[in-house]
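Chains as they are written, first to last, in the UniProt record's numbering: chain A, 1 to 596; chain B, 1 to 596.
Hints were generated in silico from the structure; no laboratory data involved. Since the structure is predicted, the reported quantities are computational estimates derived from the model, not experimental observations. The C-beta atom is built at its ideal place from N, Cα and C for all residues, glycine as well. One should not assume that every hint holds.
Covered, in the sense of this in silico footprint (three residues per stretch, anywhere, with C-beta under 8 Å from a C-beta of chain A), are these stretches of chain B [what the hints assert, rightly or not]:
{"id": "1", "segment": "100–106"}
{"id": "2", "segment": "414–424"}
{"id": "3", "segment": "435–448"}
{"id": "4", "segment": "465–471"}
{"id": "5", "segment": "538–549"}
{"id": "6", "segment": "579–586"}
Cut-off 16 Å, straight-line C-alpha distance, at most; resulting in silico cross-link-like pairs (EDC-like, lysine to aspartate or glutamate) [said to hold, decoys possible]:
{"id": "7", "chain 1": "B", "residue 1": "Lys331", "chain 2": "A", "residue 2": "Glu594"}
{"id": "8", "chain 1": "B", "residue 1": "Lys58", "chain 2": "A", "residue 2": "Glu272"}
{"id": "9", "chain 1": "B", "residue 1": "Lys508", "chain 2": "B", "residue 2": "Glu594"}
{"id": "10", "chain 1": "A", "residue 1": "Lys250", "chain 2": "A", "residue 2": "Glu218"}
{"id": "11", "chain 1": "A", "residue 1": "Lys331", "chain 2": "B", "residue 2": "Glu594"}
There are 2 protein chains.
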Amino acid sequence: MPSYRAPIRDQRFVLNDVLNIQQYSNLPGFSDASADIVDAILEEGGKFCENVLYPLNKVGDHEGCRLQPDGEVVVPNGFKEAYDQLTEGGWTALSADPEYGGQGLPHYLNLAFNEMVTATNMAFGMYPGLTGGAAQALHVGGSDEQKQLYLPKMISGEWSGTMNLTEPHCGTDLGMLRTKAVPNGDGTYKISGQKIWISAGEHPMSQNIIHLVLARVEGAPAGVKGISLFVVPKFIPDENGNPGKRNGVKCGGLEEKMGIHGNATCVMNYDEATGWLVGEENKGLRIMFVMMNEARLGVGLQGLALAETAYQYSLAFAKDRIQGRSLTGPKNPDGPADPIIVHPDVRRMLMDQKVFVEAGRAFTLWTALQGDLEHKAADEETRTKSGDYMALLTPIVKAYLTDKGYDSVSKGLQIHGGSGFTREWGIEQLLRDARITLIYEGTNGVQALDLVGRKLAMNGMRPINTFFAEMDAFVADNKGNKELEPFLDGLAATKAKLQKATNWLVEKGLENFDNAGAASTDYLHLFGLTCFAWMWGRMAKVSLEKIAEGSDDPIYASKLATGHYFLQRWLPDADAHLAKVEAGADTMMALTAEQF
Amino acid sequence: MPSYRAPIRDQRFVLNDVLNIQQYSNLPGFSDASADIVDAILEEGGKFCENVLYPLNKVGDHEGCRLQPDGEVVVPNGFKEAYDQLTEGGWTALSADPEYGGQGLPHYLNLAFNEMVTATNMAFGMYPGLTGGAAQALHVGGSDEQKQLYLPKMISGEWSGTMNLTEPHCGTDLGMLRTKAVPNGDGTYKISGQKIWISAGEHPMSQNIIHLVLARVEGAPAGVKGISLFVVPKFIPDENGNPGKRNGVKCGGLEEKMGIHGNATCVMNYDEATGWLVGEENKGLRIMFVMMNEARLGVGLQGLALAETAYQYSLAFAKDRIQGRSLTGPKNPDGPADPIIVHPDVRRMLMDQKVFVEAGRAFTLWTALQGDLEHKAADEETRTKSGDYMALLTPIVKAYLTDKGYDSVSKGLQIHGGSGFTREWGIEQLLRDARITLIYEGTNGVQALDLVGRKLAMNGMRPINTFFAEMDAFVADNKGNKELEPFLDGLAATKAKLQKATNWLVEKGLENFDNAGAASTDYLHLFGLTCFAWMWGRMAKVSLEKIAEGSDDPIYASKLATGHYFLQRWLPDADAHLAKVEAGADTMMALTAEQF
């Protein structure tokens, strides 16, 4: 049975060396996050994940969830106790608003912790995982009363949250949703309808479940302009704010799924359940998108987290399994064979995994820092820039990290050979769990369309132009740094291709919208590759500096070698993506539906 | 619940139009395969797969196999009856040697049938699937007595066959195998040891199971030079050739796997089982490779077959599921939304699937034809050439078709959105089943090493040079065909890159063997892409001819459109593969094992 070690050394490398987070220590919340405190929290969090969540991962996969005749859901053995430990340890409150009981620590710290939660037990992590986003939506869109009532208990984890969008006939296309809301005359509404694929929709782990539900008020306009957001608690809070009367919402079924068996994916039936409007009527989608964006970043993180676990599994396997001899002569001459890590093609897969998890970690932590700066930076310019980045890069975090993360897990399985296909080794579970990340919270195709259809053009293309300027500045600022040159050249060349693709999109996408759709996924991947080239440039730069300063920590040489591998083995894909972008929609759309 | 339709129209297109198989009707066995007979067999076989095997696919996945305390294995409900129908229908004897009761029909016909078997029920197909290869090995390496005893019953399917190579400590590296054989003095041997991952190792579907087992005769040289092949029947045939005394071989456990649950993957314990030597002592590996090569081609076919089923599922879903509107205006204005096939990114995935299954089908049928010509062609030149192709292309069929086939199934799942992740829609089973094809019968990395390490240099590089000459001839012979030009240019350019990569390999691979290993997988993919470019060139050519002849069959226009999509959207990957080949081993191997 393989094991998992919290990647704290690498997280510290990103936070301290690459992002130099101590430079922000004058910002609210950041001042509490001294290097010592960050370290202590990561260490403590890592232990919790290694010791409590990790042993339950296989249990959750094997046992799954069961629906009882009364609509209650039984979760895997040990999940409830682990959830109690999570909330008692204050882990759900890490970066939440202190006004409602949160610890107000930076988001990047919360993200670093969540990476480890997901890596050790993704299905478990989804129970508390959606609560943060739901609380965030209430924080942004709820009334003071709603905030006072719900936020403290959601932040503490006593109550959990869910997101109810999908219905049987509508997922991506929310304009078709039918769940209806009828005013009761007292400010509340009767909510009726069916929602499907509701993660953590019903379970006994928290004392109350706070459903955020999209519904249509009677007589509202058709389409997305008539959608309102409601808060529908499982138990209606009594006058003291404690769980009271059972509300008219019930789990009507659990999905049988390919993976994440430990999480209850529910059909939720609303039968005149009492709901409270969040924000204004017909303006619910905007608030739900606060939650949706949080969730998308969380899904991107899942791509990274499962890839990290897979990398640890396959690395251990590659060092341990002996089979065949190195092509360049025995490396383990006293044994009957060499460990398979000597074989170049095994090494190729390991290096691809290493490239991904290290760049992915830097990228997600950098993104989380932007989330902090968007709200907490002292100057408006920084706040605007970070906000722009968050909007622009959310689809890339979600889709690129899950496409590549899934691919990375699959490579990890491949290294295991036949063992990888058996349940015993655990990695096939990771692959099954990871497969959903390309789908939920908006399929990766929907992310690509969001990127080319909305995010590019935002604010007169300000975000993308800011991004390009930042790449250019990094290259210009480091000009003359001989050892960094391959990284600067690689970044500049890839960014130039992205810019070319962007120009093509602006011109040809307006000519024929299908061109934008046809280009979208390759464009997103070219964008992700550019982000990774930037991350590897930054990681290489700081590693060179540390070595020049005399550090003999082996991590820096390892980063440089991995970065060079990235330049040689990942960047060649940029041309292929550009060629596919520029291929346009014509051949893609040439056939009629009947001709297929 | 989706359905499956036998792709007979497309098989006919390849056989009749592209390969023009009637030109071979003067060859032994081929004369029986008139166009009418081929059609009738495909139609009948397609019905059997659609009606008998397909309904059992989900059953097999859900029920799996169970080991009884006595070592017998219970297979899913209906499997035994389906197997009886298969053998009673004569399907296992299709292309087998008439001397032993086979029908002597061409291999391509058997392959076309097997595609449908695998597409409708891969786990079932593996029970009879390995028998053919085992019979082939006995045919090549067995004594007359062994052939008389085993072949008729294996060809009829009364008895089935297995392949026993892997042991717990050795899979790829057979030199380490420990199963031992002790001569009994009467020409038989006592076989003792443990074999694992034996597909269809134990089951009640056939009356006897004929295990082909690699073992080491006492005192044999170490390593691969001391490996012998034995035939070890579950029941020792009596003097009448009927199953007699139970032999000392027993199933000791079943693997819990990610997929192919309907197939029994067995731990086989040999405890002084009686075995008969096949061929000579210490020369068993060569004969086993006859079986292994058959199995590798079969696995490549699995990649195609599952991709075809996935394509049918996702195409039906994309036409049926309505969600959102076309970017260029409503296509289903009377409905609440358009079918998702209107969205370019969905179309992208469908076209990628279509490109793959159609080129993959042409490629596998062409390969099967080479297998026929290798043995049956009238002139030695053709026999030599076909034999060369079989040797050269087996690793490409196995690895390229499974890498791309798995990717194709995954795209099919993605088109389903959230439904794809649920068991209900069946496509997640295809993905789980498909994942093993990248691993067994030699991982795809092992295939790549076989290609660059053995197949390239074979016979003074005769096979690869013949292949290059054939590509050049196709381009030259069709020069001036204006409409075909993009296909000729695409093939010529891709072939030129493959040739460049080949030259690099020859030079740098000899300088440092790790360079060959580091390049191997990208080289194999570049090779596969070249094969596909050739197939699309041939398919486009014949489609243009048919249209010029006045055919209004819509398949020809569809082929041309799909081929153009291939040129635009697949060929750009060639440069990336070449760049990765030329990157060499240095950065890949830069880190020590400890630095990971």
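Outcome of the hint check:
Counting residues of the segment 100–106 of chain B whose CB lies closer than 8 Å to any CB of chain A gives 0, so the stated coverage by that chain is violated, three being the minimum. Interface restraint, the segment 414–424 of chain B with chain A: holds (8 residues with C-beta to C-beta distance below 8 Å; minimum three). Judged by the Cβ-Cβ criterion of 8 Å, the segment 435–448 of chain B is covered by chain A as claimed, because 9 of its residues qualify and three suffice. Only when three residues or more bring their CB closer than 8 Å to a CB of chain A does the claim for the segment 465–471 of chain B stand; here the count is 0, and the claim is violated.
With a threshold of 8 Å between beta carbons, the proposed coverage of the segment 538–549 of chain B by chain A is violated, since 0 of its residues qualify and at least three are required. Interface restraint, the segment 579–586 of chain B with chain A: holds (4 residues with C-beta to C-beta distance below 8 Å; minimum three). Note on Lys331/B and Glu594/A: the hinted pairing holds, with a Cα-Cα distance of about 13 Å set against a maximum of 16 Å. Note on Lys58/B and Glu272/A: the hinted pairing is violated, with a Cα-Cα distance of about 38 Å set against a maximum of 16 Å.
In summary, the hint linking Lys508/B to Glu594/B is not supported, as the alpha carbons are separated by about 27 Å, beyond the 16 Å threshold. This hinted pair does not check out: Lys250/A and Glu218/A have alpha carbons roughly 22 Å apart, beyond 16 Å. A hinted pair counts as satisfied when its Cα atoms are at most 16 Å apart, and Lys331/A with Glu594/B qualifies at roughly 14 Å.
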